[in-house]
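Given next are the chains, with one letter for each unit.
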Amino acid sequence: MNVSGLIHFFLFPGLLFAIPAAWLYVWGERKAVALMQRRIGPPLLQPFYDFVKLIGKRTPSRHGIEADLLRLWPALSVLSMIGAIAMLPVFPGGRGFSGDAVLLVALLELPSICFILAGFTSGSIYGEIGAIREAVLSVANNVVFLLSIVTIAVTERTFRLADIAGGSWNPGHWIGVFGILLCIPAKLRLNPFSTSSAEQEIYSGPLTEYAGAALAMWELAHGLEWVALTGFVATLVLPATGPWWFHAVSFVAVSFAEVLLLSTIAAATARFTLQRAIKFYWQWAGILAILVVSSAIYMGYRW
Amino acid sequence: MNLFKRLMNKCRRKSPFLFHLNTGSCNGCDIELITCLSPRYDVEQLGIHLEGSPRHADILCITGPVTRTTLEAVKTVYSQVCEPKAVVALGSCPASCNVFAGSPVIAGPLSKHIPVDVYVPGCPPHPDAIIDAIARAAEILAERGVSAKTKGEPQK
Numbered sequence: 071m072n073v074s075g076l077i078h079f080f081l082f083p084g085l086l087f088a089i090p091a092a093w094l095y096v097w098g099e100r101k102a103v104a105l106m107q108r109r110i111g112p113p114l115l116q117p118f119y120d121f122v123k124l125i126g127k128r129t130p131s132r133h134g135i136e137a138d139l140l141r142l143w144p145a146l147s148v149l150s151m152i153g154a155i156a157m158l159p160v161f162p163g164g165r166g167f168s169g170d171a172v173l174l175v176a177l178l179e180l181p182s183i184c185f186i187l188a189g190f191t192s193g194s195i196y197g198e199i200g201a202i203r204e205a206v207l208s209v210a211n212n213v214v215f216l217l218s219i220v221t222i223a224v225t226e227r228t229f230r231l232a233d234i235a236g237g238s239w240n241p242g243h244w245i246g247v248f249g250i251l252l253c254i255p256a257k258l259r260l261n262p263f264s265t266s267s268a269e270q271e272i273y274s275g276p277l278t279e280y281a282g283a284a285l286a287m288w289e290l291a292h293g294l295e296w297v298a299l300t301g302f303v304a305t306l307v308l309p310a311t312g313p314w315w316f317h318a319v320s321f322v323a324v325s326f327a328e329v330l331l332l333s334t335i336a337a338a339t340a341r342f343t344l345q346r347a348i349k350f351y352w353q354w355a356g357i358l359a360i361l362v363v364s365s366a367i368y369m370g371y372r373w
Numbered sequence: 141m142n143l144f145k146r147l148m149n150k151c152r153r154k155s156p157f158l159f160h161l162n163t164g165s166c167n168g169c170d171i172e173l174i175t176c177l178s179p180r181y182d183v184e185q186l187g188i189h190l191e192g193s194p195r196h197a198d199i200l201c202i203t204g205p206v207t208r209t210t211l212e213a214v215k216t217v218y219s220q221v222c223e224p225k226a227v228v229a230l231g232s233c234p235a236s237c238n239v240f241a242g243s244p245v246i247a248g249p250l251s252k253h254i255p256v257d258v259y260v261p262g263c264p265p266h267p268d269a270i271i272d273a274i275a276r277a278a279e280i281l282a283e284r285g286v287s288a289k290t291k292g293e294p295q296k
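So the protein lines, in turn, are chains Y and R.
Just so we're aligned: the first sequence equals residues 71 to 373 in the numbering used here.
Just so we're aligned: the second sequence equals residues 141 to 296 in the numbering used here.
Calculated directly from the structure, the hints in this document are not laboratory data.
Glycine included, C-beta positions come from ideal geometry on N, C-alpha and C.
Just so you know, not all the hints are guaranteed correct.
What the hints assert, rightly or not - Subject to a maximum C-alpha distance of 25 Å in a straight line, what follows is the list of computed SDA-like cross-link-like pairs (lysine to any residue):
1) Lys-215(R) x Phe-157(R)
2) Lys-215(R) x Lys-145(R)
3) Lys-145(R) x Pro-90(Y)
4) Lys-150(R) x Val-73(Y)
5) Lys-215(R) x Pro-130(Y)
6) Lys-150(R) x Leu-114(Y)
7) Lys-150(R) x Trp-97(Y)
8) Lys-150(R) x Pro-241(Y)
As the list claims (entries may be wrong) - Derived CB-CB ranges, DEER-like:
9) Arg-276(R) x Ile-360(Y): 57 to 67 Å
10) Trp-315(Y) x Arg-146(R): 28 to 38 Å
11) Leu-81(Y) x Ser-178(R): 40 to 50 Å
12) Arg-146(R) x Pro-130(Y): 44 to 54 Å
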């Protein structure tokens, strides 16, 4: 591994940047929702306070394989998200981890799988219902998500992240970005796709039995998911030229703008039923995605 | 007190998560508690958050005079909240059973069954009083975290 790879993993956009950014984005989400409801909202450091407080809670002691698994799922989510964030091609030129979009998709999918497994491991009925909902929603939105990435890959004729990054003038690229943006609310379990962790309905879904440090890890993983998904879109839309500081600043600015946009949509919508969410992804977005992919492949052959 | 403990204290004061339990209340106090989350009072400014699961909560907000059918639920939910924890009794019912005192179906007052930290009198109490009580409970939470740690109390 080269030096710039280490910098990518530990400094920017990896560990040192990603964790404070996760808290900042979660704050941005809560603040945007509060402002939409004409409230003042939480202070800037609120996600940090919540994290430290949860670390300090004394949790009931569990034993056996179930206890280890319940600790493993949030840790795995956090690690996979930090890996995904470190892979993002923030700086053009392919330095750092020269990853592949397929690996990124796999890493982005891990928290959702861990979330489902956590629900089933917890043994709580609410956890199981939440896990089933998350599994169904994941199947629904991943069709569109994968087809969007395939659309971008076909228009750029590569799966290498460093090469598909950077806004191009090809319409296929932008339709792919739009498709990814459509899937982010479901991946982040935001309104209107928040059925899997529907509070006041199934308590907290798969996280009902979690407490203390493990719950803090889940909160952190959720924030890191924000950073990874909005950052992925940011790398796809930003231009590939310019000095390094411009890339760093615009990466953060565009990601944060996406956070505000998605939170505003979340605040303005009500929760879909599971059936309606599937219909949204498979019927409308799915048909659109298939049309776009086929036209992108057709255009790709013609060039 | 070292730096880490001071930070932990501050965070406990700044982020109390609530779990709301109705033990046979007439809904008057429940409505007043929900009012605190509304734009007019906006308790999220103080880091207060209403949680769906008692496992996530720090402060248990109990309304109602504790009927016989809800007594076991009260004890179970109280044991599910992780230490350090605090209990806020909202309204006159959990404090004194109010107009239901003497009824054969009432097992209250609440303090007979679980320790209560803050009482909020009123039928129903004003949202300002509820916010004040939760802020006091958060202070108690921070103190309790420190004292329990120095004494080395068991986990349960």
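Hints and how they fare:
1. Lys-215(R) x Phe-157(R): 19 Å, holds
2. Lys-215(R) x Lys-145(R): Judged against 25 Å, a Cα distance of about 30 Å means the pair is violated.
3. Lys-145(R) x Pro-90(Y): 21 Å, holds
4. Lys-150(R) x Val-73(Y): Violated. Lys-150(R) to Val-73(Y) sits at ~39 Å, over the 25 Å cutoff.
5. Lys-215(R) x Pro-130(Y): 16 Å, holds
6. Lys-150(R) x Leu-114(Y): 15 Å, holds
7. Lys-150(R) x Trp-97(Y): At roughly 18 Å apart (the allowed maximum being 25 Å), Trp-97(Y) and Lys-150(R) satisfy the hint.
8. Lys-150(R) x Pro-241(Y): Distance ~51 Å between Lys-150(R) and Pro-241(Y) Cα, so the pair is violated.
9. Arg-276(R) x Ile-360(Y): 57 to 67 Å: 59 Å, holds
10. Trp-315(Y) x Arg-146(R): 28 to 38 Å: Given a distance of about 36 Å, which is inside 28 to 38 Å, the answer is holds.
11. Leu-81(Y) x Ser-178(R): 40 to 50 Å: Check passed, 43 Å falls within 40 to 50 Å.
12. Arg-146(R) x Pro-130(Y): 44 to 54 Å: 27 Å, violated
In terms of the numbered hints stated before, the structure departs from hints 2, 4, 8 and 12, listed from lowest to highest.
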